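**Q** One letter stands for each residue in the lines below.
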Amino acid sequence: MRPAVCAKWAGCAAAVALVATGCGGGTAGPGGSAVVSASWGDPQNPLEPANTNEVQGGKVLEMLLRGLKRYDPETGAAKNVLAEKIETTDAQHYTVTLKRGWSFSDGEKVTAKSFVDAWNYGALLDNKQKNAPFFQYIDGFDKVHPDNGKPTAKTLSGLKVKDDHTFDVTLNQKFSSWPDTLGYSAFMPLPQAFFRDHAGWLKRPVGNGPYLVDSYTKGSVLKMRKWKRYPGPDPAQNGGIDLRVYTDSETAYTDLQAGNLDLVDDIPASQLKNVRSDLGDRYLNQPAGIIQTLTFPMYDAHWGKPGMERVRRGLSMAIDREQITKEIFQHTRTPATDWTSPVLGEKGGFKEGLCGDACVFDPAKARQLIKDGGGLPGGRMTITYNADTGSHKDWVDAVCNSINKTLGNDKACVGNPVGTFADFRNQISARQLTGPFRAGWQMDYPLIQNFLQPLYYTNASSNDGKFSNPDFDKLVNQANAAPDTRQAVAKFQDAERILAREMPSIPLWYQNGSGGYSDRISNVRLNPFSVPVYNEITVG
Amino acid sequence: MGRYVIRRLLQMIPVFIGSTFLIFLMVYALGDPVAAMFGDRAPDPATAAQIRHDLYLDQPLWKQYPHYMGQIFQGNFGTAFNGQPVTELMRTAFPVTLRLTIVAIVLETVVGVALGVFSGLRRGRSIDTTVLVLTLVVVSVPTFVSGYLLQFVFGVKWEWAAPTVAIEAPLGQLLLPGLVLALVSLAYVTRLTRTSIAENARADYVRTAVAKGLPRHRVITRHLLRNSLIPVVTFIGTDIGALMGGAIVTERIFNIHGVGYQLYQGILRQNSPTVVGFVTILVLVFLIANLLVDLLYAVLDPRIRYA
Numbered sequence: 001m002r003p004a005v006c007a008k009w010a011g012c013a014a015a016v017a018l019v020a021t022g023c024g025g026g027t028a029g030p031g032g033s034a035v036v037s038a039s040w041g042d043p044q045n046p047l048e049p050a051n052t053n054e055v056q057g058g059k060v061l062e063m064l065l066r067g068l069k070r071y072d073p074e075t076g077a078a079k080n081v082l083a084e085k086i087e088t089t090d091a092q093h094y095t096v097t098l099k100r101g102w103s104f105s106d107g108e109k110v111t112a113k114s115f116v117d118a119w120n121y122g123a124l125l126d127n128k129q130k131n132a133p134f135f136q137y138i139d140g141f142d143k144v145h146p147d148n149g150k151p152t153a154k155t156l157s158g159l160k161v162k163d164d165h166t167f168d169v170t171l172n173q174k175f176s177s178w179p180d181t182l183g184y185s186a187f188m189p190l191p192q193a194f195f196r197d198h199a200g201w202l203k204r205p206v207g208n209g210p211y212l213v214d215s216y217t218k219g220s221v222l223k224m225r226k227w228k229r230y231p232g233p234d235p236a237q238n239g240g241i242d243l244r245v246y247t248d249s250e251t252a253y254t255d256l257q258a259g260n261l262d263l264v265d266d267i268p269a270s271q272l273k274n275v276r277s278d279l280g281d282r283y284l285n286q287p288a289g290i291i292q293t294l295t296f297p298m299y300d301a302h303w304g305k306p307g308m309e310r311v312r313r314g315l316s317m318a319i320d321r322e323q324i325t326k327e328i329f330q331h332t333r334t335p336a337t338d339w340t341s342p343v344l345g346e347k348g349g350f351k352e353g354l355c356g357d358a359c360v361f362d363p364a365k366a367r368q369l370i371k372d373g374g375g376l377p378g379g380r381m382t383i384t385y386n387a388d389t390g391s392h393k394d395w396v397d398a399v400c401n402s403i404n405k406t407l408g409n410d411k412a413c414v415g416n417p418v419g420t421f422a423d424f425r426n427q428i429s430a431r432q433l434t435g436p437f438r439a440g441w442q443m444d445y446p447l448i449q450n451f452l453q454p455l456y457y458t459n460a461s462s463n464d465g466k467f468s469n470p471d472f473d474k475l476v477n478q479a480n481a482a483p484d485t486r487q488a489v490a491k492f493q494d495a496e497r498i499l500a501r502e503m504p505s506i507p508l509w510y511q512n513g514s515g516g517y518s519d520r521i522s523n524v525r526l527n528p529f530s531v532p533v534y535n536e537i538t539v540g
Numbered sequence: 541m542g543r544y545v546i547r548r549l550l551q552m553i554p555v556f557i558g559s560t561f562l563i564f565l566m567v568y569a570l571g572d573p574v575a576a577m578f579g580d581r582a583p584d585p586a587t588a589a590q591i592r593h594d595l596y597l598d599q600p601l602w603k604q605y606p607h608y609m610g611q612i613f614q615g616n617f618g619t620a621f622n623g624q625p626v627t628e629l630m631r632t633a634f635p636v637t638l639r640l641t642i643v644a645i646v647l648e649t650v651v652g653v654a655l656g657v658f659s660g661l662r663r664g665r666s667i668d669t670t671v672l673v674l675t676l677v678v679v680s681v682p683t684f685v686s687g688y689l690l691q692f693v694f695g696v697k698w699e700w701a702a703p704t705v706a707i708e709a710p711l712g713q714l715l716l717p718g719l720v721l722a723l724v725s726l727a728y729v730t731r732l733t734r735t736s737i738a739e740n741a742r743a744d745y746v747r748t749a750v751a752k753g754l755p756r757h758r759v760i761t762r763h764l765l766r767n768s769l770i771p772v773v774t775f776i777g778t779d780i781g782a783l784m785g786g787a788i789v790t791e792r793i794f795n796i797h798g799v800g801y802q803l804y805q806g807i808l809r810q811n812s813p814t815v816v817g818f819v820t821i822l823v824l825v826f827l828i829a830n831l832l833v834d835l836l837y838a839v840l841d842p843r844i845r846y847a
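In order, the protein sequence lines correspond to chains A and B.
Per our numbering: the first sequence ends with 540, consecutive numbering throughout.
Per our numbering: the second sequence ends with 847, consecutive numbering throughout.
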């Protein structure tokens, strides 16, 4: 900490807001009472579990709530937290038993009802929760959340409270890895206060996690403080976290450099070249469960017709992933060789090189394959992307450049920017795109199922390219019904090999999470969702 | 005078309706915003339909606009997509931006007029040339360049000021962002004042005043300055609105959570209630500032009368 910041213009009186971050650094003892300031983005949706589908809101819920399971920050494995056991004999009927001794920070006990009420709330169409589809495997979902019209039931028929610490769940299909999905924030329990005074809860959420909300100024700052009576195994190692909203990651980075901020979890692209010299080993760059792909419109008569798989494979081989990840992304991306993510680990289903030759840069073979497949439809193609966020233009131009060089034709591939993300999504949903488009997938839970089924199963929720392959669907069904994880993973990988053959989307690269922190704090790392593990951070 | 003000106020009505309609149209033309709320995931159709219905987005434009305007006249500016009423956003954002604007206006008026008088009275000398060159440089540097530059130099290198502004936005911390925001206008004010002073310094009434034997400072402040400030006042008046709306870049650089921040967030998320609501207020600020400027003319120059 450089106290000089406060001595001049700002004056220490004005810097009261920076207590323990800018000025008070010296006063904090080693007892873990000091507060860490971290960068944050304004969450897009109200902070409620079943309505939070992006990483900014996810950060808060990770501190505020604990569910049946939690994904290990290191390995990503789903581990029991509130669940004593989750038992099944047929992968369809589950009995959940809760651990005793857990309560919310307002004193209410966490019971089976806390879960069942929260899930019913999340699934009901009237509540407009954006994560409602996560409850779709529970029996009765189509009654509370019909595709059109009004819901005909208020609660999921597949959920039954047996006693305070036990409830039964009936699924509408076999799903052996279903318990492993329960670490996702949509499945968190909620106290009765949430239902009694919903607006009040949103203003100041109450949970059962290692932190409680001290104050929340929407759009500016959220102050989380350590909950001293937290009963779980992972209490906060610091006094609290101040999440400060920044609209510009450049500004947050400047604040970090000036000693005004302890932790940023998004290094601006323009600083990637300097970050190592600026921060040294306080720069974080580690794999996250995000994969970027180029998805083909399989509904399009040209791109989807039989024989075109050769062109699609050829295009994949025409992209020099190594060079693009090095030059444009400064190694914050890793060339992809399958359709999952390294954070799953070998056991979880990640298999390096599963894609085979098709994901290796080989211009000669690429040219041959594209020629054999009949060439690009109309001799040219576009790559559609949204131009408003994420600086996609740079890499799309680089990919096109790589393809053009391979084909020896300057005009074969061009980028097609769409002004806003919403418009981009609308064009995809309306099936207006007639060429490949960029797609990013951030996992909801570290399971190979989450990387395959929602994206490539016939008519799945995020199957934007409308890929459909009966063999793929059959293998996914078998995998979900498999009696244990090992066999399920094997089936999923068989399904993935069909993707390698058909290439409905080109895997480009795995995205890393990045971040940096001040010399005031230590023990900082990111979990597989690229969210800092806040409760482990120590000050001093 | 009274009739003139009433006439001007009545003229504001069509301007107000026209501008809000144009803004509404432009935000609407960006397309359906609901799809972006679900991230890279395809929206669940039933939930998306429900949200559209609640936000009145399932109606055609010609129904949406009157509905929205009807709400505004009841003091309801709608709800932002994160569930906050837009009026609540305004209550937090406008005071901050207002303070920033005041800092900027004071800076540009005091420094700009002083520099302008200084160089205008020494027309053609080296001090005048220096001011002219310096203002030219300032005018040609975009705000985001000067912003990041000053922030880095003062905030990180020399540590004279905090590089970003705290949530409460105290005046002391707004000096640097205020300067950045004011820089370009400051240069214009300097140049306007300089030209005006240089011209009027040779006017008959100044010669008369000097011949009467009035002291120099009295000639300058009472006679020369009062007549030379008319174009400057016009500029500053229209600048109030421009600064409030133009703070979008400055507020982003210094992480100030004012109008610019809310507008940026609203545009990024295609949040029409936020964007239209804030711009509507800005339009009002523009109109009222313009009216005040016109009324100020009469005070500064007795030759101007409003019937």
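Keep in mind that the hints were calculated from the coordinates and are not lab data.
Values in this document were obtained by computation on a predicted structure and should not be read as measured data.
Heads up, a few of these hints could be off.
Said to hold, decoys possible - Okay, derived cross-link-like pairs now, BS3-like style, lysine-lysine, Cα gap no bigger than 25 Å in a straight line: (1) 365(A) / 85(A); (2) 85(A) / 160(A); (3) 273(A) / 697(B); (4) 347(A) / 326(A); (5) 365(A) / 326(A); (6) 603(B) / 128(A).
To be verified - Beyond 10 Å from chain A on every Cβ pair, some chain B residues (computed): (7) 679; (8) 680; (9) 770; (10) 794; (11) 808; (12) 809.
Unchecked claim - Some chain A residues close to chain B (C-beta under 8 Å, calculated; not the full set): (13) 128; (14) 137; (15) 145; (16) 176; (17) 217; (18) 221; (19) 371; (20) 373; (21) 377; (22) 439; (23) 461; (24) 462; (25) 469; (26) 471; (27) 490.
Glycine residues also receive a C-beta, built at the ideal position from the N, C-alpha and C atoms.
**Q** Are the hints correct? Go through all of them and say.
**A** Verification of the supplied hints:
1. 365(A) / 85(A): violated, 52 Å
2. 85(A) / 160(A): Given that 25 Å is the threshold and the Cα spacing comes to 16 Å, the pair holds.
3. 273(A) / 697(B): Within the cut-off at roughly 19 Å; holds.
4. 347(A) / 326(A): violated, 28 Å
5. 365(A) / 326(A): Holds. Residue 365(A) to residue 326(A) sits at ~23 Å (cutoff 25 Å).
6. 603(B) / 128(A): Holds, at about 24 Å.
7. 679: Residue 679(B) is indeed farther than 10 Å from all Cβ atoms of chain A, at 24 Å.
8. 680: holds, 22 Å
9. 770: holds, 35 Å
10. 794: violated, 7 Å
11. 808: violated, 7 Å
12. 809: With a cut-off of 10 Å, residue 809(B) comes too close to chain A, as the shortest Cβ separation is near 7 Å.
13. 128: This interface hint holds because 5 Å falls under the 8 Å limit.
14. 137: Nearest chain B Cβ about 14 Å off; hint violated.
15. 145: Constraint on residue 145(A) satisfied, holds at 6 Å.
16. 176: Hint violated; residue 176(A) Cβ to chain B Cβ min 23 Å, cut 8 Å.
17. 217: holds, 6 Å
18. 221: holds, 5 Å
19. 371: Nearest chain B Cβ about 33 Å off; hint violated.
20. 373: violated, 28 Å
21. 377: violated, 24 Å
22. 439: holds, 7 Å
23. 461: Status holds, d = 6 Å.
24. 462: Interface hint status for residue 462(A): holds (5 Å vs cutoff 8 Å).
25. 469: violated, 19 Å
26. 471: violated, 23 Å
27. 490: Interface hint status for residue 490(A): violated (27 Å vs cutoff 8 Å).
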